[in-house]
Amino acid sequence: MSMIKVQNITKSYGNVEAVKGISFEVGEGEIFGLIGPDGAGKTTIFHILTTLLKPGSGKAKVMGLDVVDDYRKIRSEVGYMPGRFALYRDLSVEENLQFFASVFDTSVDANYELIKPIYSQLEPFKDRLADDLSGGMKQKLALCCALIHKPKVLFLDEPTTGVDAVSRKEFWQMLHRLKEQDITLLVSTPYMDEAEQCDRVALIQDGEILSINTPKAVTKGFKKELWSVKADNKYELIQLLRQYEFSETVQPFGETVHYTDQREKIDAGELESYLKGQGMEHLHVKKAEPTIEDTFMRLMEPEASHE
Amino acid sequence: MNSFKGFIIKEFRQIYRDKRTLIILFGMPVIMMLLFGFAIRNEVENAKIMVMDNSHDPITRQIISKIDASRYFSVEGNIRRFEQIEELFQQGEIDEVLIFESDFARKLQRGEQPAIKVITDASNPNLAQLIQQYSSAIILDYQQSLAGPSAFQQKGIAVNVNMLFNPQLRSANLFVPGLIAVILMLVSALMTSISITREKEMGNMEVLLVSPLKPVQIIIGKVLPYLVLAFINVLTILALAQWVFDVPFRGSYGLFLAESLLFIFTALALGVLISTKANDQQTAMMVALAGLLLPTVLLSGFIFPISSMPQILQWISNLIPARWFLVIVRSIMLKDAGLFFLWKETLILAVMTAGFIALSVKSFKVRLE
Amino acid sequence: MSEPMIAAGNLTRKFGDFTAVDHISFEVKKGEIFGFLGANGAGKTTAMRMLTGLLIPTGGEATVAGFDVYSQAEQLKRHIGYMSQRFSLYEDLTVRENIRLYGGIYGLTDEELQSKSNQLLSMLVMEDFQHQRISSLPLGWKQKLAFSVALIHEPQIVFLDEPTGGVDPITRRQFWEQIYKVAEEGTTVFVTTHYMDEAEYCDRVSIMVDGRIDALGPPEGLKERFKAESIEEVFIELARGAERE
Numbered sequence: 001m002s003m004i005k006v007q008n009i010t011k012s013y014g015n016v017e018a019v020k021g022i023s024f025e026v027g028e029g030e031i032f033g034l035i036g037p038d039g040a041g042k043t044t045i046f047h048i049l050t051t052l053l054k055p056g057s058g059k060a061k062v063m064g065l066d067v068v069d070d071y072r073k074i075r076s077e078v079g080y081m082p083g084r085f086a087l088y089r090d091l092s093v094e095e096n097l098q099f100f101a102s103v104f105d106t107s108v109d110a111n112y113e114l115i116k117p118i119y120s121q122l123e124p125f126k127d128r129l130a131d132d133l134s135g136g137m138k139q140k141l142a143l144c145c146a147l148i149h150k151p152k153v154l155f156l157d158e159p160t161t162g163v164d165a166v167s168r169k170e171f172w173q174m175l176h177r178l179k180e181q182d183i184t185l186l187v188s189t190p191y192m193d194e195a196e197q198c199d200r201v202a203l204i205q206d207g208e209i210l211s212i213n214t215p216k217a218v219t220k221g222f223k224k225e226l227w228s229v230k231a232d233n234k235y236e237l238i239q240l241l242r243q244y245e246f247s248e249t250v251q252p253f254g255e256t257v258h259y260t261d262q263r264e265k266i267d268a269g270e271l272e273s274y275l276k277g278q279g280m281e282h283l284h285v286k287k288a289e290p291t292i293e294d295t296f297m298r299l300m301e302p303e304a305s306h307e
Numbered sequence: 001m002n003s004f005k006g007f008i009i010k011e012f013r014q015i016y017r018d019k020r021t022l023i024i025l026f027g028m029p030v031i032m033m034l035l036f037g038f039a040i041r042n043e044v045e046n047a048k049i050m051v052m053d054n055s056h057d058p059i060t061r062q063i064i065s066k067i068d069a070s071r072y073f074s075v076e077g078n079i080r081r082f083e084q085i086e087e088l089f090q091q092g093e094i095d096e097v098l099i100f101e102s103d104f105a106r107k108l109q110r111g112e113q114p115a116i117k118v119i120t121d122a123s124n125p126n127l128a129q130l131i132q133q134y135s136s137a138i139i140l141d142y143q144q145s146l147a148g149p150s151a152f153q154q155k156g157i158a159v160n161v162n163m164l165f166n167p168q169l170r171s172a173n174l175f176v177p178g179l180i181a182v183i184l185m186l187v188s189a190l191m192t193s194i195s196i197t198r199e200k201e202m203g204n205m206e207v208l209l210v211s212p213l214k215p216v217q218i219i220i221g222k223v224l225p226y227l228v229l230a231f232i233n234v235l236t237i238l239a240l241a242q243w244v245f246d247v248p249f250r251g252s253y254g255l256f257l258a259e260s261l262l263f264i265f266t267a268l269a270l271g272v273l274i275s276t277k278a279n280d281q282q283t284a285m286m287v288a289l290a291g292l293l294l295p296t297v298l299l300s301g302f303i304f305p306i307s308s309m310p311q312i313l314q315w316i317s318n319l320i321p322a323r324w325f326l327v328i329v330r331s332i333m334l335k336d337a338g339l340f341f342l343w344k345e346t347l348i349l350a351v352m353t354a355g356f357i358a359l360s361v362k363s364f365k366v367r368l369e
Numbered sequence: 001m002s003e004p005m006i007a008a009g010n011l012t013r014k015f016g017d018f019t020a021v022d023h024i025s026f027e028v029k030k031g032e033i034f035g036f037l038g039a040n041g042a043g044k045t046t047a048m049r050m051l052t053g054l055l056i057p058t059g060g061e062a063t064v065a066g067f068d069v070y071s072q073a074e075q076l077k078r079h080i081g082y083m084s085q086r087f088s089l090y091e092d093l094t095v096r097e098n099i100r101l102y103g104g105i106y107g108l109t110d111e112e113l114q115s116k117s118n119q120l121l122s123m124l125v126m127e128d129f130q131h132q133r134i135s136s137l138p139l140g141w142k143q144k145l146a147f148s149v150a151l152i153h154e155p156q157i158v159f160l161d162e163p164t165g166g167v168d169p170i171t172r173r174q175f176w177e178q179i180y181k182v183a184e185e186g187t188t189v190f191v192t193t194h195y196m197d198e199a200e201y202c203d204r205v206s207i208m209v210d211g212r213i214d215a216l217g218p219p220e221g222l223k224e225r226f227k228a229e230s231i232e233e234v235f236i237e238l239a240r241g242a243e244r245e
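Chains as they are written, first to last, in my numbering: chain A, 1 to 307; chain B, 1 to 369; chain C, 1 to 245.
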């Protein structure tokens with residue numbers, strides 16, 4: 001049975017269409033990622049699935065319950081960690097946990113085993129006020145509070161935004177452990193590299209889904225040869241590649257530039273001689289495996305000719 | 001039930017930890033009492049008087065020294081020219097000017113009714129009236145003493161003057177009930193609305209909604225601590241009024257506390273209502289201050305008598321809950337009125353409260369829009 | 001002129017007992033794109049405030065664009081550009097009004113403003129939108145406009161504080177291409193960012209941990225030194241040893 005089922009939901013705020021017809025399903029024990037930048041519609045989808053908003057049209061079900069008709073039951077069962085971690089700043093770590101436990105009619109002890117791997121890091125600080133915690137610790141606490149009642153489905157809206165790289169890594173390790181406990185996770189993130197941590201992902205941009213699949217399958221959707229080109233002068237390299245008569249896309253990618261050609265297949269040597277001829281030094285041209293980010297951009301391309 | 005209990009515990013913890021706000025909430029009644037009791041007065045004391053004595057005879061001098069001797073006046077000096085008067089008033093140096101006619105004593109002896117011109121600074125009309133009345137009273141008093149035992153009685157005036165000469169108690173009687181209403185509005189309406197909108201602002205409301213907690217539990221949980229606080233404030237004000245300012249309490253304490261509780265509910269309901277419409281603390285605060293507190297202070301009869309307001313404001317004042325509460329409290333405190341006399345006002349308050357509660361429950365948003 | 005655009009020597013800032021910035025030393029060359037990285041609480045923001053003349057150091061020395069941060073802070077401010085994610089353009093004003101506002105603040109004359117505004121608008125292809133309010137523009141456009149406005153007085157160095165939060169990957173790259181272009185034209189760019197992959201766009205990066213600079217050099221060199229595949233890994237390696245929570 002699918003834990004989450006979204007069928008063609010739409011949502012508008014005034015004239016702005018935030019969600020333009022989205023469908024997807026999440027199976028039990030799956031880690032499903034909604035990958036996309038700000039404004040893509042991720043939070044709106046989360047609000048609809050946690051019954052905080054009614055969809056404009058379409059249907060959605062969580063654990064088989066309708067998000068509009070059965071909202072009360074859904075609210076008593078799911079776990080929700082909104083963006084900005086809604087913790088009580090003037091309560092201590094322990095008090096926050098106790099509060100959420102009591103709200104869900106359970107106790108900290110009842111499901112302690114579940115949160116222990118995470119909470120054990122916080123325990124030395126249990127009397128510290130939530131406001132005085134670092135970003136990474138707030139994140140861990142918010143996760144514990146969302147889990148304390150052992151929900152079957154956990155909604156995490158941008159849990160890693162604004163948190164340092166180390167904490168982000170640890171966080172995903174914790175999520176994987178939760179998956180082993182058969183908890184279904186729906187996570188949204190703007191960080192493309194985190195897509196690889198999920199079982200399946202949906203790439204979202206401007207209220208529409210660009211692709212849904214396992215991360216590997218998504219990148220297979222790139223469907224073109226991808227070249228990674230490196231030279232001394234990045235700026236010039238980009239200009240030259242753009243001017244090349246067969247160039248299709250040219251994107252800076254850290255130290256290299258990712259290039260696709262209009263043709264199906266090309267020879268590295270051809271690019272090399274063109275660039276060397278234009279004066280590029282210390283040239284490296286090699287094939288590259290497209291990442292989620294490459295694929296995302298490629299799928300965005302039709303819209304890239306910005307309004 | 002467990003979730004509700006946990007919620008209440010959290011609320012009390014948060015309020016207790018916010019020491020600054022707590023100090024304000026408890027300290028405010030005390031400060032306001034002291035302010036109104038000692039600093040802001042409608043009484044006359046040491047009003048400054050200047051004299052233009054065109055006679056300089058024993059009689060005028062006696063009148064002047066009698067006035068100076070009174071604790072309500074202090075004669076600051078003499079004026080020689082009429083033109084000085086306007087300047088002195090404009091500078092705000094004096095409250096009143098007495099001008100004695102020339103040949104005062106001789107005219108009095110001859111029965112020619114010499115005049116004393118009394119010119120008062122009426123930029124504070126209430127004060128001006130009192131000053132005039134006091135000075136007239138002193139002059140009349142002098143006249144009587146001159147006339148001797150065989151003089152005819154000026155009964156009416158004397159009696160009125162006496163009542164005016166008992167001001168301090170009256171001031172306190174006037175403001176204590178109003179103060180209770182204002183403080184309750186502040187604590188119950190303002191604080192409650194801020195507390196609820198803060199949850200919204202911080203994003204915590206989202207999490208509270210996506211939980212087994214029912215909306216009515218959230219409302220009650222938010223409101224309960226302020227109910228307790230407000231009640232403590234009522235007791236504080238009452239204690240201060242009685243022990244520090246000797247305000248009489250002639251009625252039933254039980255009835256008083258019951259009516260106060262009713263009014264607290266009214267204010268709490270208003271606070272919740274505001275919070276259902278406002279999305280952030282600032283808005284809630286503005287609406288509570290401008291829409292509730294200000295009318296309560298100005299139009300409820302707290303300081304300014306309703307009867308002296310223009311018709312339309314009198315009509316509007318009927319809509320302000322505090323107005324009815326003030327009638328109730330004043331009647332209980334000063335006139336020992338029972339429910340028999342106050343049923344109408346109590347009923348009005350109860351109906352208002354029920355209405356606000358119904359409205360809040362209906363407006364409380366179960367979703368984010 | 002091969003004088004460094006920024007020269008910091010043992011720059012320190014204490015707040016009471018707490019040393020936020022602990023004797024950092026580094027140089028930034030003219031025309032360089034310098035990435036200033038560090039976790040929250042590592043001292044990045046404090047360091048930037050000192051370099052932009054907003055905070056006086058408690059120890060050490062630094063010059064920016066030739067101005068001493070202690071004695072010439074006011075002139076310093078006038079000769080640098082600054083863009084922050086948290087605040088840049090006024091939402092209620094139009095594109096053109098914002099340009100005029102900042103141009104005026106940076107001391108441009110009316111004629112300079114006129115020509116600069118038109119230049120800017122045509123470069124960004126925003127002429128048709130010049131009378132629209134900022135609030136109605138998409139985030140990517142706001143960022144690009146904010147960047148151009150920060151450069152309107154043609155400063156020698158521009159400080160960018162987390163400039164690319166939240167936008168899609170294409171817009172982010174367009175922004176970085178803007179950075180490449182101005183760097184190519186000689187403007188020095190000092191940028192802080194949370195996106196570790198963006199660190200690789202820079203000529204050199206520094207990584208702050210617990211108030212110190214624990215790594216400094218070109219991205220390639222750092223990756224080699226720490227045997228890492230990405231700057232993110234280098235960062236994690238360094239941050240693991242951090243004491244500040």
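Quick caveat, the hints were computed from the structure, so don't treat them as lab data.
Predicted model, so just to flag it, every value in this text is computed and none were measured.
Each residue gets a CB set at the ideal place from its N, CA and C atoms; glycine is no exception.
Do not rely on the hints blindly, as some may be mistaken.
[Unchecked claim] Computed footprint of chain A on chain B, listed as stretches where at least three residues anywhere in the stretch have a Cβ under 8 Å from a Cβ of chain A:
| no. | stretch |
| --- | --- |
| 1 | 13-21 |
| 2 | 101-113 |
| 3 | 308-317 |
[Unchecked claim] Some chain C residues near chain A, calculated using beta-carbon distances under 8 Å:
| no. | residue |
| --- | --- |
| 4 | E91 |
| 5 | L139 |
| 6 | I170 |
| 7 | R173 |
| 8 | M196 |
Going through the hints against the structure:
no. : hint    : result
1   : 13-21   : holds (count 4)
2   : 101-113 : violated (count 0)
3   : 308-317 : violated (count 0)
4   : E91     : violated, 16 Å
5   : L139    : holds, 6 Å
6   : I170    : holds, 5 Å
7   : R173    : holds, 5 Å
8   : M196    : holds, 6 Å
Going down the numbered hints, you'll see the structure goes against 2, 3 and 4, while the others check out.
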